[in-house]
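Asker: Given chain Y, put chains U and F in place with the hints provided.
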Amino acid sequence: MLRTESTKINLMRPLGQPALACAGYRWRENYYSHQRRGGYNIGVRIIEDFLARTNVGRCHDFRETADVISKNAFKLYLGVTPTVTNWSPAGDEFSLQLDSNPLAEFVELPDNHTGLSYSSLLCGVLRGALEMVQMAVDVRIVQDTLQGDLQTELRLRFLRRIEESMPAGEE
Amino acid sequence: MAVCVAVITKENYPLYISNIPAANELKFHYTVHTSLDVVEEKLSAVGKTASDLRELYLGLLYPTEDYKVYGYVANTKVKFVIVIDSSNTSFRDNEIRSMFRKLHTAYTDVMCNPFYTPGDPIRSKTFDNVISSMMMQVC
Amino acid sequence: MEREGVRMADEALFEFLHMEVISYIFKSLEKDDSDNGKCTAKLEGMGFRVGQGLVERFTRDIPRFKDELDIMKFVCKDFWAGIFKKQVDNLRTNHQGVYVLQDNRFRLLTQISAGKQYMEHAPKFLAFTCGLVRGALSNLGVNSIVTAEVSLLPACKFQVMMQRA
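Protein chains in written order, with full-length UniProt numbering: chain Y, 1 to 171; chain U, 1 to 139; chain F, 1 to 165.
A hint or two may mislead.
[Unchecked claim] With a Cα cut of at most 25 angstroms, we get these calculated SDA-like pairs of lysine to any residue:
1) Y/K75 - F/A12
2) U/K68 - U/F115
3) F/K27 - Y/G79
4) U/K10 - F/G45
5) F/K86 - Y/G79
6) F/K157 - F/C76
[Said to hold, decoys possible] Chain Y is nowhere near these chain U residues, computed Cβ spacing over 10 angstroms in every case:
7) E40
8) Y67
9) K68
10) G119
[To be verified] Listed next, the stretches of chain U that the computed footprint assigns to chain F, with coverage defined by at least 3 CB atoms under 8 angstroms from CB atoms of chain F:
11) 54 to 64
12) 95 to 108
Simulated from the structure, these hints should not be mistaken for lab results.
No experiment lies behind these values; they were computed from the predicted model shown.
No residue lacks a Cβ here, since even glycine has one placed at the ideal position from N, Cα and C.
Only chain Y is shown next, with the shape it has when bound in the complex (with noise of 0.2 angstroms):
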């Protein structure tokens, strides 16, 4: 990472986020499918990056990989670890609940737009990269701080183990 000078580096925070905040906006029409589908992509190739930085092995169970998505995949991404917390008790369903939403940090939903899910494209980007570990999860967001909740909350449930030989792409 090449640094040119220590005082500008505060200014790097909002990078991505005007980024992925404005192709939210242009994508509001079928806003859903989209954000999904566009996350599932990126999803699928975050994957490769992320094992390759990062040298995590293969999760032995479900509650492993929910460590491995806060303290590793959203710390390294975003910058924040989510708390894992109410599991069921079949040990096949969690939450990801953030205190804070980097991608949705500066957003105020207009008011005829109240209800938008706005960070929907999370969804996607887990449901695809898990997928890519054989996986099948699905992803909800069942809190959201643009919807006046406390904090934001993502919903995990383990559907199924994917055979290896599935082949596998973009949607």
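Answerer: Just chains U and F now, kept in the frame of chain Y:
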């Protein structure tokens, strides 16, 4: 603290004006409007003199009997004006400066909201909160 | 990444997103059967809005610009470094409102493999950035036309023509 806070575009139309008491609106609009001439004057001096105004904070624009009017112009030429009650003598330059910084930061966040169209009047709860925190601390 | 108490998104994310936005926009083209220029214009427009916002933030802590050249130097150094993690390698001007910014290893082109067969795709990867520069300049009060050309991947040149009122 402040009795009026205004954000003006580079084309000199207002994006946001807030004042207390609300009844004096016309008077404050007039005060802010008048201050823009002083802002232009100060800006046109940039680059012409050796000790030019490279700082974004322009300082006191002009005092009236009742008020002191301060100005700040961002690199993007958006103008911020803060009006302080003259009876409030405890103010230091540094405090005014930091109010402008706060105002500028809040404006920057508005600009980074994807749903905001640059040039439109500012309608934002977050921004409103920052402004009212600047206007309330007195009295 | 925790620096000076602020969070930062990883820069790889920007590249992934940029790629995805391009592929999304050009896919919607296939369906609509509209022309290529429309997609490029759309990308450029997105860049424009992002440039407007970013420049507001990037210029918040720096002294006022003296003149046009001062602004262009800022675009080549701080602005470029803030987004692409490197400065522009070379800035030239005819002193009549035309500037040429050369980046010998442009970040958004490094994703495409070198080779002639990929050259035709290069413009897609430059449209967003053209808008980015135009949006930044516009918010700084300078109207311009920004175009880009590639001769040898991943090097490229951006030409900025100031539009006098």
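Asker: Of the hints stated earlier, which fail here?
Answerer: Violated: hints 2 and 3.
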